[in-house]
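**Q** Residue-level listing of the chains:
Number of protein chains: 2
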Amino acid sequence: MYLNTIMLWMRSLLSCWVLMLSGSALAAFSGQHIAEQGGTHAGATACNSCHGADGGGNDAAGFPRLAGLNAVYLQRQLHAYREGTKRNQLMAGIASALTDQEIEAVTAYFAGLTPTSHAKAPVGIPLGPGKQLVEHGDWLGRGLPGCNQCHGPGGLGVGEAFPPLAGQPAKYISDQITAWKSGLRSNDPIGLMKHIAVLLNDDEVKSVAAFYASLPLSVTRSSSETKNIASEAPKEKAKVNDVHTKPLPHHGDAREGAAAGPKGYFQPPVRNAYPEGPFGDMVRQGEAIFVNTYDHPLASKYVGNKQSCEGCHLDAGRLANSSPMWASWVAYPAYRKKNKMVNTMIERTQGCFKYSMNAQGSKAGHPPSAESNTIVSLISYFYWLATGAPTGDQHMAGRGYPRLTETPKGFDPKRGEALYAEKCSVCHGADGGGQMSQGKVVYPQLWGPDSYNWGAGMHKVDVAAAYIKWNMPLGLASPTQTKGYLSDQEAWDVAAFMNSHERPQDPRYTGSITETVEKFHKSKYDYYGKLRGTDGKLLGEDVPIK
Amino acid sequence: MYLNTIMLWMRSLLSCWVLMLSGSALAAFSGQHIAEQGGTHAGATACNSCHGADGGGNDAAGFPRLAGLNAVYLQRQLHAYREGTKRNQLMAGIASALTDQEIEAVTAYFAGLTPTSHAKAPVGIPLGPGKQLVEHGDWLGRGLPGCNQCHGPGGLGVGEAFPPLAGQPAKYISDQITAWKSGLRSNDPIGLMKHIAVLLNDDEVKSVAAFYASLPLSVTRSSSETKNIASEAPKEKAKVNDVHTKPLPHHGDAREGAAAGPKGYFQPPVRNAYPEGPFGDMVRQGEAIFVNTYDHPLASKYVGNKQSCEGCHLDAGRLANSSPMWASWVAYPAYRKKNKMVNTMIERTQGCFKYSMNAQGSKAGHPPSAESNTIVSLISYFYWLATGAPTGDQHMAGRGYPRLTETPKGFDPKRGEALYAEKCSVCHGADGGGQMSQGKVVYPQLWGPDSYNWGAGMHKVDVAAAYIKWNMPLGLASPTQTKGYLSDQEAWDVAAFMNSHERPQDPRYTGSITETVEKFHKSKYDYYGKLRGTDGKLLGEDVPIK
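Those protein sequences? They're chains A and B, same order as listed. If you're matching positions, the first sequence starts at 3 in the working numbering and goes up one per residue. If you're matching positions, the second sequence starts at 3 in the working numbering and goes up one per residue.
Rather than coming from a laboratory, the hints here were simulated on the basis of the structure. The reader is advised that the hints may include incorrect statements.
Which copy is meant is left open, so a pair is good if it fits within one copy or across any two.
[Stated by the list, open to error] Straight line, CA to CA, 25 angstroms or less: simulated SDA-like cross-link-like pairs of lysine to any residue:
(1) Lys340 <-> His503
(2) Lys342 <-> Asn274
(3) Lys122 <-> His503
(4) Lys339 <-> His120
(5) Lys342 <-> Ser371
(6) Lys303 <-> Asp490
(7) Lys524 <-> Pro280
(8) Lys339 <-> Pro280
(9) Lys122 <-> Pro415
(10) Lys340 <-> Glu373
(11) Lys462 <-> Lys524
(12) Lys340 <-> Asp283
(13) Lys425 <-> Met438
(14) Lys342 <-> Pro299
(15) Lys339 <-> Asn375
(16) Lys339 <-> Ser371
Please take these sequences and the hints and turn them into a complete structure.
**A** Next up, the structure:
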């Protein structure tokens with residue numbers, strides 16, 4: 003008895019010691035145990051019986067794969083089952099029967115497993131519409147971003163809030179979308195999925211689900227980089243739509259060549275219906291650079307942060323009220339107050355490299371030259387997007403984005419801070435540092451060394467407020483419907499919060515902060531040269547180039 | 003009597019000696035005598051009694067000014083009066099009463115006088131239509147070049163064939179145009195004036211005549227250079243037509259913004275209705291560079307010959323089937339076989355400097371950079387000309403010029419030589435060296451050191467034949483009506499003659515003529531590398547850069 007007591011005491015001591023020594027190792031052990039054997043309480047059955055011995059899910063039953071998913075994401079789901087914001091009788095019972103500690107352990111276990119999937123695209127469901135929605139959404143028609151804009155390249159997930167969908171059973175995905183729609187599931191950040199789900203009809207839901215079920219669990223860099231070149235440009239389609247090999251209607255009939263799209267906006271050429279031949283190759287390359295500037299083999303050496311053109315010009319520069327490139331193309335050359343000169347489209351684009359992409363901090367140290375492959379590709383892409391648009395039209399509907407009038411309360415970074423935490427940080431991170439997935443930036447950096455620099459237009463509060471109002475959060479605001487999500491006041495405040503942070507130096511910096519303010523930053527919408535915190539330093543003071 | 007005889011003999015001897023010593027001095031003396039006193043034969047009355055003591059003409063009577071006119075031109079007129087190809091009873095009598103020697107003398111005298119005029123614009127005749135026709139013609143409507151395109155800057159004449167019209171009495175000018183029309187005058191080279199005159203209605207004739215009568219007898223370089231900036235762009239008009247400050251109709255309504263002009267061609271903005279502000283200034287500057295490239299203060303340092311853009315792109319780049327710039331603007335960027343790359347419009351324009359304007363022989367030694375004032379101005383001008391044209395339309399009616407099919411006889415420089423002498427040399431000179439007036443090139447050099455180089459598209463016979471067919475001779479061919487003047491066979495032959503002459507080196511020259519031919523000049527339409535004459539040398543061999 004005494005011995006028994008001593009033994010028991012020693013065993014607990016050992017447990018404590020193991021716990022103290024390596025909480026996570028133990029959790030993993032416990033996690034595996036729970037997954038394989040169930041929890042300590044009745045009702046917490048073994049996860050693997052439904053989700054598979056390898057955590058790869060059960061395709062036919064629609065039980066999701068768990069292996070390799072983000073632990074925090076999984077925890078949140080179990081809590082949501084418990085709380086009823088993700089309704090499922092079976093899972094509600096199991097989640098309620100697990101202790102918080104067990105939840106932590108078992109989710110860590112699944113997060114640590116090699117991602118595995120047994121999902122297959124169901125027979126008889128066309129994948130085309132789903133692929134289109136997953137990759138590009140339907141911005142113009144419904145203000146709908148592509149699913150992957152949040153769920154990351156290849157649908158492989160981003161951080162804690164955006165789970166991978168690639169390789170999930172089609173039944174699981176369609177059930178979830180249906181649940182968002184009906185309200186049976188409501189644990190989405192800022193109501194994003196509810197908003198998205200109601201925009202999809204049943205066939206689309208099925209196709210999206212089937213397409214995701216068909217996707218592999220990895221994207222290779224090269225396939226991502228060249229994805230638009232071969233697979234998505236059927237030769238025949240390209241021919242039909244190729245304005246560079248087929249005569250356009252006479253100029254007077256531009257209306258036919260470039261029909262006004264939904265909402266009365268100019269409609270750029272059908273995506274992927276690239277012209278043939280070397281010109282088409284340049285257009286494709288321009289698009290690839292546009293959507294992945296900082297990491298493109300040609301363009302990266304000119305980018306001194308982690309930005310891409312598409313970061314501001316949504317939907318690959320196609321989207322009305324999101325500075326669409328077709329509207330810019332026909333509006334240049336033009337006089338710019340910024341540099342007091344007439345700028346060609348090439349110079350305007352070089353300006354984006356200089357400021358928004360902080361070229362001074364890049365390997366090259368300067369923007370690409372007018373003759374560079376990077377610039378000629380981008381220019382070719384812009385030109386192609388503008389096919390049929392009337393030269394010289396400075397006022398195309400949807401150009402840039404509508405500006406906001408000031409609110410009576412003005413703008414306040416303090417108010418913006420709370421709002422940012424609530425509505426923006428889920429994507430852009432609490433520290434404004436953005437989020438990446440598969441080596442790609444999914445949510446761009448808003449301040450800090452990898453953001454736009456102090457010379458970019460976006461650093462001005464009025465510019466940023468207008469952009470945010472009509473474009474953010476992605477999928478909740480609808481630029482083409484000029485339907486903002488934030489109130490004007492909120493847009494001003496959050497823009498002020500964002501732009502009162504430090505960022506790379508203005509390349510026009512004269513060596514003196516006072517002089518630089520005097521020359522370039524006198525606007526009341528400009529935080530450059532203002533106090534940056536409590537250390538007495540000014541924003542922009544002693545900031546390195548990158 | 004003996005003494006008298008001796009004195010007479012000595013006087014004739016002296017005369018002979020003076021004649022031998024200085025034929026021209028004597029002619030001038032005799033010329034003055036004839037002008038003041040009349041000729042040796044009855045009926046050859048003193049010129050001055052009608053043409054004024056200073057040779058400045060008689061405005062009211064419509065007697066032309068003779069002072070300062072080209073001697074050969076004046077001789078031809080006296081012969082024409084004699085022969086009846088310029089019908090005037092009074093002048094026919096006088097010209098017939100003058101010996102050939104007297105004609106030579108008196109015309110040399112008048113040619114040597116300081117140009118003088120007593121002409122005034124007649125009251126009550128509007129000068130506007132005349133000014134428009136004199137400076138710009140009506141290419142699009144009637145294939146009518148501006149009078150000054152042949153009569154030179156300021157209407158001050160070019161060489162032996164194109165007399166100055168500035169300061170001629172309005173009555174004289176309108177009488178002459180009427181005489182060309184009716185056939186009373188027919189001494190025009192290659193029937194040019196007959197062709198032009200019949201295109202003008204009576205009011206236009208009066209206005210043209212009045213406008214010329216109002217012109218001074220000199221143009222200053224600065225006024226010529228800036229002529230479009232202040233005087234010809236009434237603020238109000240510019241406002242009304244300023245597409246850059248006034249919203250264009252929606253892109254679907256491009257037809258309204260850029261109505262199809264006569265003949266169904268795209269119509270560029272009204273001439274001189276420049277946009278306001280700094281952008282408008284760049285457009286104006288671009289136009290000034292375009293029409294006077296080799297001699298423009300900004301652009302000249304990049305031009306290694308005496309060419310201007312307008313030399314090939316007629317009517318300041320506005321003219322359909324004469325490579326109009328509005329059609330080019332919307333067709334770039336595009337892939338070019340010439341350099342196997344996609345070229346932006348800027349690169350395409352730099353190509354013109356490289357080849358057509360032989361930049362390698364210029365002060366700069368290279369074409370202007372993409373950021374240069376010269377390029378940005380030109381690009382702004384092209385863009386403005388294309389206002390309303392649909393982006394990406396590669397097939398605008400009037401783009402470039404229609405190509406010719408080969409003729410059964412092929413092309414032959416020998417046949418072309420005779421034709422050139424007959425139809426082309428009056429403007430471009432027997433040696434292809436062009437003609438200048440007031441320090442400006444009026445007729446561009448077609449070969450030799452001041453012509454386009456061996457890399458220019460125009461050096462190829464098929465390209466040149468097509469250009470010549472639809473554009474030459476100026477005013478006889480009508481590009482907008484696709485009405486050639488030469489037969490296809492003649493165009494091929496004269497192009498072959500032109501392009502079988504030496505010109506500045508191809509900037510792509512590798513150092514070896516054989517290799518350069520192999521790389522760039524294998525076309526059968528290309529004389530580069532062929533025998534250049536009887537010296538055994540090849541065209542392009544040992545040719546200096548300029």
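**Q** Between the shortest in-copy and the shortest cross-copy C-alpha distance, which are at most 25 angstroms for Lys342 and Pro299: within, between, both, or neither?
**A** between (33 angstroms within a copy, 22 angstroms between copies)
**Q** I want to check one pair: Lys342 and Ser371. Are their C-alpha atoms no more than 25 angstroms apart within a copy, between two copies, both, or neither?
**A** Both. Shortest intra-copy (20 angstroms) and inter-copy (19 angstroms) distances satisfy the 25 angstroms Cα cut-off.
**Q** Should Lys122 paired with His503 be assigned to within, between, both, or neither, using CA atoms and 25 angstroms as the limit?
**A** neither (46 angstroms within a copy, 73 angstroms between copies)
**Q** Is the C-alpha distance from Lys339 to Pro280 at most 25 angstroms within one copy, between copies, in both cases, or in neither?
**A** Answer is between: at 10 angstroms across copies they meet the 25 angstroms cutoff, but 36 angstroms inside does not.
**Q** Between copies, within a copy, both or neither: which fits Lys340 and Asp283 at Cα up to 25 angstroms?
**A** between (33 angstroms within a copy, 18 angstroms between copies)
**Q** Quick one: Lys524 to Pro280, C-alpha cut-off 25 angstroms, is that within a copy, between copies, both, or neither?
**A** between (46 angstroms within a copy, 23 angstroms between copies)
**Q** My question is about Lys342 and Asn274: at a cut-off of 25 angstroms on alpha-carbon distance, are they close within one copy, between copies, both, or neither?
**A** So Lys342 and Asn274 pass the 25 angstroms test across copies only (23 angstroms; inside, 37 angstroms).
**Q** Which holds for Lys340 with Glu373 at a C-alpha limit of 25 angstroms: within a copy, between copies, both or neither?
**A** both (23 angstroms within a copy, 16 angstroms between copies)
**Q** How would you label the pair Lys122, Pro415 (within, between, both, or neither) given a Cα cut-off of 25 angstroms?
**A** neither (48 angstroms within a copy, 74 angstroms between copies)
**Q** My question is about Lys339 and Ser371: at a cut-off of 25 angstroms on alpha-carbon distance, are they close within one copy, between copies, both, or neither?
**A** Both: 22 angstroms inside a chain and 22 angstroms across chains, each within 25 angstroms.
**Q** For Lys340 and His503, with the copy left unspecified, which applies at a CA distance of at most 25 angstroms: within, between, both, or neither?
**A** Result: close within a single copy only, 22 angstroms intra versus 51 angstroms inter.
**Q** Within a copy, between copies, both or neither: where do Lys303 and Asp490 come within 25 angstroms Cα-Cα?
**A** neither (38 angstroms within a copy, 54 angstroms between copies)
Checked against the numbered hints above, the structure breaks hints 3, 4, 6 and 9 and satisfies the rest.
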